[in-house]
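A.B. asks: Spelled out, the chains give:
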Amino acid sequence: MNFSYLLDPAHWDLAAPGSIPNLIISHLGYTALALLCGAVIALPVGLWIGHTGKGSFIAINAGNAGRSLPTLGLLMLMVTLLGLGLLPVLIALTVLVIPPILTSSYAGMRNLDHRVVDAARGMGMRPWQVLARVELPMALPVMLSGFRNAALQVVATATVAAAVGLGGLGRLLIDGLAVNDYSRVLAGAIVVAALAVLVDLFLALIQRLIVSPGLKGS
Amino acid sequence: MIQYLTNNSEIVWQALQEHLYLALVPILLGFAISLPLGYLAVRFDWLYHPLINTFGVLYSIPSLALFVFLPVILGTKVLSPINVVVALTIYTVALLARTVADGLRAVDPVVVQAATAMGYRRSRRLIDVELPIALPVILAGLRVATVSNISLVSVGSLIGIGGLGQLFTRGFQLFYLEPILIGVILSVLLAGIADLIIVLVQRAITPWTRAA
Amino acid sequence: MKRIVAAVAMALTLTACGADSDPLADEPAASGAAGGSVTVGSANFPESQLLAEIYSQALEAKGVTVTRKFNIGAREVYLKALQDGSISLLPEYNGALLAALSPNGVPAGVSSPDAVLAELKKVLPAGTEVLAQSSAEDKDTLTVSAETATKNNLKTIEDLKAVAPTLIAGGGPEFTERQQGLKGLKEVYGVEFKEYKPLDPGGPLTVNALKDGDIQVANLFSTDSSIVTNKFVTLEDPKNLFTSQNVIPLIRTEANNATVTGALDAVSGKLTTENLTSYLAQVQVDKKDIAVVAKAFLSENGLS
Numbered sequence: 001m002n003f004s005y006l007l008d009p010a011h012w013d014l015a016a017p018g019s020i021p022n023l024i025i026s027h028l029g030y031t032a033l034a035l036l037c038g039a040v041i042a043l044p045v046g047l048w049i050g051h052t053g054k055g056s057f058i059a060i061n062a063g064n065a066g067r068s069l070p071t072l073g074l075l076m077l078m079v080t081l082l083g084l085g086l087l088p089v090l091i092a093l094t095v096l097v098i099p100p101i102l103t104s105s106y107a108g109m110r111n112l113d114h115r116v117v118d119a120a121r122g123m124g125m126r127p128w129q130v131l132a133r134v135e136l137p138m139a140l141p142v143m144l145s146g147f148r149n150a151a152l153q154v155v156a157t158a159t160v161a162a163a164v165g166l167g168g169l170g171r172l173l174i175d176g177l178a179v180n181d182y183s184r185v186l187a188g189a190i191v192v193a194a195l196a197v198l199v200d201l202f203l204a205l206i207q208r209l210i211v212s213p214g215l216k217g218s
Numbered sequence: 001m002i003q004y005l006t007n008n009s010e011i012v013w014q015a016l017q018e019h020l021y022l023a024l025v026p027i028l029l030g031f032a033i034s035l036p037l038g039y040l041a042v043r044f045d046w047l048y049h050p051l052i053n054t055f056g057v058l059y060s061i062p063s064l065a066l067f068v069f070l071p072v073i074l075g076t077k078v079l080s081p082i083n084v085v086v087a088l089t090i091y092t093v094a095l096l097a098r099t100v101a102d103g104l105r106a107v108d109p110v111v112v113q114a115a116t117a118m119g120y121r122r123s124r125r126l127i128d129v130e131l132p133i134a135l136p137v138i139l140a141g142l143r144v145a146t147v148s149n150i151s152l153v154s155v156g157s158l159i160g161i162g163g164l165g166q167l168f169t170r171g172f173q174l175f176y177l178e179p180i181l182i183g184v185i186l187s188v189l190l191a192g193i194a195d196l197i198i199v200l201v202q203r204a205i206t207p208w209t210r211a212a
Numbered sequence: 001m002k003r004i005v006a007a008v009a010m011a012l013t014l015t016a017c018g019a020d021s022d023p024l025a026d027e028p029a030a031s032g033a034a035g036g037s038v039t040v041g042s043a044n045f046p047e048s049q050l051l052a053e054i055y056s057q058a059l060e061a062k063g064v065t066v067t068r069k070f071n072i073g074a075r076e077v078y079l080k081a082l083q084d085g086s087i088s089l090l091p092e093y094n095g096a097l098l099a100a101l102s103p104n105g106v107p108a109g110v111s112s113p114d115a116v117l118a119e120l121k122k123v124l125p126a127g128t129e130v131l132a133q134s135s136a137e138d139k140d141t142l143t144v145s146a147e148t149a150t151k152n153n154l155k156t157i158e159d160l161k162a163v164a165p166t167l168i169a170g171g172g173p174e175f176t177e178r179q180q181g182l183k184g185l186k187e188v189y190g191v192e193f194k195e196y197k198p199l200d201p202g203g204p205l206t207v208n209a210l211k212d213g214d215i216q217v218a219n220l221f222s223t224d225s226s227i228v229t230n231k232f233v234t235l236e237d238p239k240n241l242f243t244s245q246n247v248i249p250l251i252r253t254e255a256n257n258a259t260v261t262g263a264l265d266a267v268s269g270k271l272t273t274e275n276l277t278s279y280l281a282q283v284q285v286d287k288k289d290i291a292v293v294a295k296a297f298l299s300e301n302g303l304s
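Chains as they are written, first to last, in the numbering used here: chain A, 1 to 218; chain B, 1 to 212; chain C, 1 to 304.
Possibly wrong hints are sitting among the right ones.
[Said to hold, decoys possible] A few chain B residues that face chain C, going by a derived Cβ cut-off under 8 Å, partial list only:
# : residue
1 : L70
2 : I73
3 : K77
4 : V110
5 : T116
6 : A117
7 : Q166
8 : T169
9 : R170
[Said to hold, decoys possible] Chain A is nowhere near these chain C residues, computed Cβ spacing over 12 Å in every case:
#  : residue
10 : N44
11 : A74
12 : V123
13 : N153
14 : E187
15 : N208
16 : L303
Read the hints as simulated data drawn from the structure, not as lab findings.
C-beta: ideal position from N, C-alpha, C; glycine also.
Turn these sequences into a full structure, and let the hints guide you.
C.D. replies: This is how it looks when you write it as structure tokens:
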């Protein structure tokens, strides 16, 4: 277990291109973009399907279908079709992210305590108000748990971007492998795992802040 | 594309076999290990959080790194498929142990009490009552783990092992669409079939859930 | 409970079925064939795989049992596999291998095929040996687009020295640490680039990046037909940093025998830079299958 690459301060210099902080930044960039695109696509769809109950077949099975696409293969496919760049990586990672977000937003909406929704209607709330003030907040714990799950997966998988010449912490893995520098590969593994834990803790904090204390958060 | 398949049927078939083996063995091993581990996490409450957190960290270690490091840790040869099998088993356990624990925890305590009142001892209660009730949750986790493994095997192609992943990398080196497309499609098909099999097995062994 | 046991039993039986026809036999099966058995490996670029396939088929034609483990990775990785016995034979390039095995770099003045071979034999890892080398060569090159060459008046690598700090280079990730790579370029030619983008070793990512202008200098391999197709300009190497690069089989001594040596020497005798380039083009451009092209090479040269 050779930690020399990880402990060398030169590799932590923000000014040096290809240093660990820069790789972390590009890695988080891919992660955030993918999560954003995935959420924009999957959240409304999942919430709608959960709210209306129509098309639940899609929600339940899109999850597993999307998960079965091998990210590396999808990425290579996209690069061959679209050329080098950020877009293929974004597409491949977004595809990865959509299933957990879709499934959990559907599940969150579907498994609400409907007595509470009835009570809200009984109180005279309009459908929009019921959705925004009751259903969404109640679905939040499950939705956020799905989001955290998705985030964890993306952080671990965004390492593939390096296989097609881009940045991110995968660079440490791929380059380390190519030049037979195990300490570099080890550094990559440790930093990715640490980053995943940090991202998860960060999202847990957000969850604590925005989920109503009246709900048993997951 | 069909032409590529017919011209290279041997390579594709071999890749498929290798892929199946590398994905399924970890599933079975992982399942076997997760059951007792998940149970322990429930039986000894103080174990739950440390175990879950450890697994969370393990799961976030990038697969390529694990494939590269296991020869160093295990003393296996660099190209040995055992590295992939062990790595994927670790991921499977990381995923499934938590599912098993959560599934067992979610069993209605009223039912457990009733079973105890009926005279069930701990071990029989586990096997005859708690486990069957937790089965849907556990099998759902198994589905996720299986599909996920089938996808992860192809990452091994970056070091020369990797079943269908070999189709991706070779196609990519030549900027040749067909093998990549075939590799992706076959991988998806494989995952779909495996998923279906688990769903059917689930239907067969938990008939009471269909009544709902 | 019974159902669970049944399901588990079913699953175990299925694995047992799979285990019979184990497609992943780690050790080559003990063979009764006269030529013994060999595990052939290759690097992660098409020419290496083509050569490995040619070796494999030539050996099989003489009754040797061959297991193929292609597409392993860069030299740094597959040499380890050779040393731990995972593979026993692979196609190499004498100069590049010499540079890789010489911690202090290739000795000065050593650049002709015979000189390189003589030096190489001195530094081979224990338990390995090289067979006869062929006249076919595939060298690392620094290649630029036609525009970059005209704009900066580039003919040789020496001409790069002045403009390199304004140029971005690209190629395989391993190029950064190699003597026959960025390290040597700096020491021997004083060439240091503004940036180096790790892409793929002489592969489509690098070629396309050069075409699109994302990089101005690429590490391509001399037999790559895309150099001609895209009218790229290969810079000359007057100080012979990249030495000779004759194709040569590297084999574990324990896997070698008269049949193996005979078959491979015959192949090396027939390989030339011209025919290697044209067969490689069939793989890279026509997208023909490597096994088919290898077979064509062997039959056209009376080796099958």
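A.B. asks: A separate judgement is required for each hint: does it hold in the structure or not?
C.D. replies: Results of checking the hints against the structure:
1. A least Cβ separation of about 14 Å between B/L70 and chain C goes past the 8 Å threshold, and the interface hint is therefore violated.
2. Hint status for B/I73: violated, given a least beta-carbon distance of 15 Å to chain C, over 8 Å.
3. For B/K77, the suggested interface contact is upheld, since its CB lies about 5 Å from the closest CB of chain C, less than 8 Å.
4. A least Cβ separation of about 21 Å between B/V110 and chain C goes past the 8 Å threshold, and the interface hint is therefore violated.
5. Annotation: B/T116 was flagged as interfacial toward chain C, and the flag is violated, the nearest CB pair being 17 Å apart, outside 8 Å.
6. Interface restraint check for B/A117: the shortest CB-CB distance to chain C comes to about 20 Å, outside 8 Å, so the restraint is violated.
7. Annotation: interface hint on B/Q166 holds; nearest CB of chain C at approximately 6 Å, less than 8 Å.
8. A distance limit of 8 Å between C-beta atoms decides the matter here; for B/T169 the minimum to chain C is near 6 Å, and the interface restraint holds.
9. Because the closest C-beta pair between B/R170 and chain C is about 7 Å apart, less than 8 Å, the hint holds.
10. At roughly 9 Å, the least C-beta separation between C/N44 and chain A is not larger than 12 Å, which violates its mark as non-interface.
11. The claim that C/A74 is not at the interface with chain A is violated, since a C-beta of that chain comes within 12 Å of its own (minimum 5 Å).
12. Its beta-carbon lying about 17 Å from the closest one in chain A, C/V123 satisfies the requirement of being farther than 12 Å from that chain.
13. Listed as a non-interface residue, C/N153 keeps its Cβ farther than 12 Å from every Cβ of chain A; the least gap is roughly 28 Å.
14. The non-interface label for C/E187 is consistent with chain A: the shortest C-beta to C-beta separation is roughly 17 Å, beyond 12 Å.
15. For C/N208, the requirement that its beta carbon stay farther than 12 Å from each beta carbon of chain A is not met, with the minimum near 6 Å.
16. The Cβ of C/L303 lies farther than 12 Å from every Cβ of chain A, with a closest approach of about 33 Å, so its non-interface assignment holds.
Of the numbered hints stated above, those contradicted by the structure are hints 1, 2, 4, 5, 6, 10, 11, 15, listed in ascending order.
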